[in-house]
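Q: Here is how the chains run, residue by residue.
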Amino acid sequence: MRHLNAPLCLEDVEALHAGDIVEISGDIFTSRSGFYRKLIAEGQPFPLDPLENNVMLHSGPIIKKENGWYKVNAISITTSVRFNKWEPSVIERLGLRAIIAKGRVGRETKEAMRRLGCVHLCRTGTFAGAFALKVKEIKSVDWLDLGLPEALWNFRFESFGPLVVETDVYGVSCYDEVGHQISLKINEAYRKLGIEGFEFAEK
Amino acid sequence: MFEDAVLTERFIDVIRRSVCELPEDSLNALREAHGRESDGSIAKAHLETNLTNLALSTEHLIPMCADTGFPVFFVRAGKDSVDLVQISRCAAEAVRAATANGYIRPNAVEPLTRKNPGTNVGTGSPLMEWRVDPSIDCCEVIYVPKGGGTEIFGPAFRTILPADGVQGLKKFIFDTIVVNGNRTGATCPPNIIGVGVGGTSEGCMAMAKQAACLRKVGSRNPDPIIRDLEAEMLGVINSMGIGPLGMGGKTTILDLHIEFSMTHLVGTPVAIAAQCPAARVGTLRLHSDGRIEKAGWPGWFSY
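Order-wise, the sequence lines are chains A and B.
So for the first sequence, the working numbering puts the first residue at 1; every next one is plus one.
So for the second sequence, the working numbering puts the first residue at 1; every next one is plus one.
Excised from the complex, chain A in its bound form (with noise of 0.2 Å):
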């Protein structure tokens, strides 16, 4: 498994392809549907430094507050196609490096980290509550007006992963081969369940 580092240079994601397994320590930031509200539509600047904050989760996490500060008490990770419409300027405006997601990208998304050199990466497995163990420290929040879950959360991973890169920065999927193989068994699994040329009495 290799190990990066946030923030991430070019050459650490022109390194990387689909399939490969990694995990990641440094500060990554949390995004949600709120955060494209803020950034895009209401155009206001990004909390943050762009060149210390290339990585970004799309998380809304259960965070508890507790001695007047915060804490994590379970990751979520959630599916990133649904954000499409706005990630590539996204990508573009803070120069991001790294999508840290579940699911695959949209099409628009995918052509804007193969030209701007962004990869997706996907949580293994389903369970993410217990990656909240790998947040060391909660540096900053801000925009909490969108409530606790959907505020922009800087945290300091340690060893966060392991992840799958989904998309790498040469525009390959790893759903792509797979999806390209079941195509090719379909007309054996209906020719072995006994439904080859089947077709519905009522359409």
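Relax, there's no trap hidden among the hints.
Cut-off 25 Å, straight-line C-alpha distance, at most; resulting in silico cross-link-like pairs (DSS-like, lysine-lysine):
1. A:Lys192 with B:Lys171
2. A:Lys185 with B:Lys171
3. A:Lys134 with A:Lys64
4. B:Lys250 with B:Lys216
5. A:Lys65 with A:Lys139
6. A:Lys136 with A:Lys65
7. A:Lys64 with A:Lys139
8. B:Lys250 with A:Lys192
9. A:Lys185 with A:Lys203
10. B:Lys250 with A:Lys185
11. B:Lys79 with B:Lys294
12. B:Lys171 with B:Lys250
13. A:Lys134 with A:Lys71
14. A:Lys139 with A:Lys71
15. B:Lys115 with A:Lys64
16. A:Lys85 with B:Lys115
17. A:Lys65 with A:Lys134
18. A:Lys203 with B:Lys171
19. A:Lys192 with A:Lys203
20. A:Lys65 with B:Lys115
21. A:Lys136 with A:Lys64
22. B:Lys294 with B:Lys216
Simulated from the structure, these hints should not be mistaken for laboratory data.
Starting from the structure of chain A, add chain B where the hints point.
A: Only chain B this time, still in chain A's reference frame:
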């Protein structure tokens, strides 16, 4: 028979633990799936993280998934009388308290305005499903926090005609999961699939949901035709290589459960529901002598 405060406290405990601990059957199924994948594969990495993070969640009482589900109670009332109105009242109170204490996320919102009361309690929430079962004495209360990914991307419904027969059933199940299914991990595979066959349209979907959430992984329907169909569909779907999180591998579904009931002669409704590997369920048995017993698995199905 029960004090409101006592019953509510036990429900809160079931809710809290259910989101941090998996029942043995799902856990074992994940371990077996992990064992089947080849070393160094992405599939193995996915399942490895599932097992590692689940152990940490259970140890530290961290919700295994920050989506702590939509609150659903299944109540199976037996011969001895218990106060079902009290169960309903305490269930809602427990959901409210578990949310206020931060054990579960406020997930229940109004459907059109998307307004979130922040309590998980409102019209139809928690959802209460009632059933009378004269074969038991006690009353079984089952909590299922139903995750959002499989609720959005998992369900499907269609009516098949007598002319479509078993072929139509197979085609609908296969196409729903493999052909039309979201292949990029939106339902967080490996899933548990429930299929309802027959009944009325709403009863059919309820059967599918119960088959996905309340039957043990590895259980088979006692009806010989249905049992063989379950095994056949499970084998063929897993042979497609969709794999954990849709990134390739041997296990796409942990199991496939089919339930059926009598239906109208004109056609057969078929419903499909999916459960994610966070197949969370917590069970209490309430006895008329005042005992409240925690059970490892619901007895909703006898198999």
